[in-house]
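Build out the structure end to end from the sequences listed, making use of the hints.
Protein chains: 2
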Amino acid sequence: MSDRHGENPPEDRPDSFSEVERRIEVTRRRLRGYPQDQVRLARLIIHVQKRQNELTNQVLRRHGLNYVTYTALMMMYGAEDQATTPSELSSATGEKPANITRICDELLEQGLIERNPSTEDRRRVVLRLTRRGERLVEQVQPELWQRLERSFGGFSGSEMRQLTGLLRTVLARMDQDA
Amino acid sequence: MSDRHGENPPEDRPDSFSEVERRIEVTRRRLRGYPQDQVRLARLIIHVQKRQNELTNQVLRRHGLNYVTYTALMMMYGAEDQATTPSELSSATGEKPANITRICDELLEQGLIERNPSTEDRRRVVLRLTRRGERLVEQVQPELWQRLERSFGGFSGSEMRQLTGLLRTVLARMDQDA
DNA sequence: ATTTAATATTTCATTTCTGAATTATTCATA
DNA sequence: TATGAATAATTCAGAAATGAAATATTAAAT
Numbered sequence: 488m489s490d491r492h493g494e495n496p497p498e499d500r501p502d503s504f505s506e507v508e509r510r511i512e513v514t515r516r517r518l519r520g521y522p523q524d525q526v527r528l529a530r531l532i533i534h535v536q537k538r539q540n541e542l543t544n545q546v547l548r549r550h551g552l553n554y555v556t557y558t559a560l561m562m563m564y565g566a567e568d569q570a571t572t573p574s575e576l577s578s579a580t581g582e583k584p585a586n587i588t589r590i591c592d593e594l595l596e597q598g599l600i601e602r603n604p605s606t607e608d609r610r611r612v613v614l615r616l617t618r619r620g621e622r623l624v625e626q627v628q629p630e631l632w633q634r635l636e637r638s639f640g641g642f643s644g645s646e647m648r649q650l651t652g653l654l655r656t657v658l659a660r661m662d663q664d665a
Numbered sequence: 488m489s490d491r492h493g494e495n496p497p498e499d500r501p502d503s504f505s506e507v508e509r510r511i512e513v514t515r516r517r518l519r520g521y522p523q524d525q526v527r528l529a530r531l532i533i534h535v536q537k538r539q540n541e542l543t544n545q546v547l548r549r550h551g552l553n554y555v556t557y558t559a560l561m562m563m564y565g566a567e568d569q570a571t572t573p574s575e576l577s578s579a580t581g582e583k584p585a586n587i588t589r590i591c592d593e594l595l596e597q598g599l600i601e602r603n604p605s606t607e608d609r610r611r612v613v614l615r616l617t618r619r620g621e622r623l624v625e626q627v628q629p630e631l632w633q634r635l636e637r638s639f640g641g642f643s644g645s646e647m648r649q650l651t652g653l654l655r656t657v658l659a660r661m662d663q664d665a
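Each protein sequence line maps, in turn, to chains W and Y. Reading the first sequence from the start, the letters are residues 488 to 665 in my numbering. Reading the second sequence from the start, the letters are residues 488 to 665 in my numbering.
Simulated from the structure, these hints should not be mistaken for lab results. Owing to the predicted nature of the structure, the values given are computational and were not obtained by experimental measurement. Honestly, I wouldn't trust all of these hints.
The list treats identical chains as interchangeable, and a pair is accepted whether it falls inside one copy or across any two copies.
[Claimed, not checked] Only pairs whose alpha carbons sit at most 20 Å apart, straight line, appear in this in silico SDA-like list of lysine to any residue:
no.	residue 1	residue 2
1	K583	D664
2	K583	R622
3	K583	A665
4	K583	N540
5	K537	R637
6	K583	R548
7	K537	D664
8	K537	Y554
9	K583	P522
10	K537	E512
11	K537	Q663
Structure (structure tokens):
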């Protein structure tokens, strides 16, 4: 790994997380056995995710979408036969089934997806992007890629693989307890 | 870095993320220039954070708390003089000010914090844990540490530092655009 | 010293999300 | 082929979170 990414932020201006770290340090002094490093990592993940969410939403709002509705659309776009069920969508997006129903109602309203009963299994529902939905998704891409590049563009291929691999491992461990 | 953490999950059973990766791969085939690796990383962060949130909440619910209220308490516990303002709490937890007000109302109700006007700056409010709040926080620790150990316990010190450093860098880049 | 701008918190209407229960269908197995 | 268990989706009431506006106070600028 290159040495560019230490434990401290590369900017001089203290970012929002420095204050959190200070509090974690104080807590470590107060609580014997406090797993400081693990706590820092856990909080860091939250902060990164929240910021990512905000920044992406800024882009999507201009198109009448948000991170959740957009993700739902992308999961349909990326389905092998372009068709997906609500339960698949739920596990792919991490949203609860009840919320998926609401989100699909909304996307349906906007004419971005169609929703039909499955013929093979009549418990199921089949969701599919409309032409309009596909066009919207494709239209938003450039802006979002730019956004991603600003967040992750500084990393080498090796660093990307490491970061991905480590998080993949964390997720697998968490899934064991789910 | 050790070789234990590759890009694929260490378990044989495909976890919830494998399906997402498959969809990302399909999307890459459909969209020229699609930044597959960055997208995967972004989605991975979301999934990890969601799972972490769920698992931690399982523990906290038993104590009448959730991740947000708990974090708020911990940020007070870790304040230099044990006192914090709502705006500090907002930036430390990532919750919007309006939500902080609601959360503090709730914690106040439960007798876990006290809330008083600041004497130096009368715009401000000073939040502080009560004895009861401190005791609760300390009581929950062992369970949460166990939780953290299950998620992050498999990593070496070096891996923890790498993961933390990389995420720290990501956050710093995101904060530039905030 | 006013006036203006900035900061801190709260209020309120609205949106988003969740848990639990409900309905419908399919699967497993006796 | 009946019966109970499992799965899929939805409904609904309530909880949690947000955005925008309102209120109060302090800091900055003229």
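Now the hints, each set against the structure:
In this homomeric assembly, K583 and D664 come within 20 Å of each other (Cα to Cα) only inside a single copy, at 18 Å, whereas the closest approach across copies is 30 Å. For the homomeric pair K583 and R622, neither the shortest alpha-carbon distance inside one copy (27 Å) nor that between copies (34 Å) is at most 20 Å. Within a single copy, K583 and A665 get their C-alpha atoms as close as 14 Å, which meets the 20 Å cut-off; across copies the closest is 29 Å, which misses it. Taking identical chains as interchangeable, the C-alpha atoms of K583 and N540 lie at most 20 Å apart whether they share a chain (18 Å) or sit on different chains (14 Å).
In this homomeric assembly, K537 and R637 come within 20 Å of each other (Cα to Cα) only inside a single copy, at 16 Å, whereas the closest approach across copies is 23 Å. Proximity of K583 and R548 under a CA criterion of 20 Å is satisfied inter-copy only: 18 Å between copies versus 22 Å inside one chain copy. Taking identical chains as interchangeable, the C-alpha atoms of K537 and D664 lie at most 20 Å apart only when they sit on different chains, with a minimum of 13 Å there against 24 Å within one chain. Taking CA atoms no more than 20 Å apart as the test, K537 paired with Y554 passes in both settings, with 11 Å inside one copy and 14 Å between copies.
In this assembly of identical chains, K583 and P522 lie within 20 Å of each other by CA distance neither inside one copy nor across copies; the values are 31 Å within and 27 Å between. In this assembly of identical chains, the alpha carbons of K537 and E512 never lie at most 20 Å apart, being 22 Å within a copy and 25 Å across copies at closest. When the C-alpha separation of K537 and Q663 is checked against a cutoff of 20 Å, the pair qualifies only between copies, where the shortest distance is 14 Å, while the shortest distance within a copy is 25 Å.
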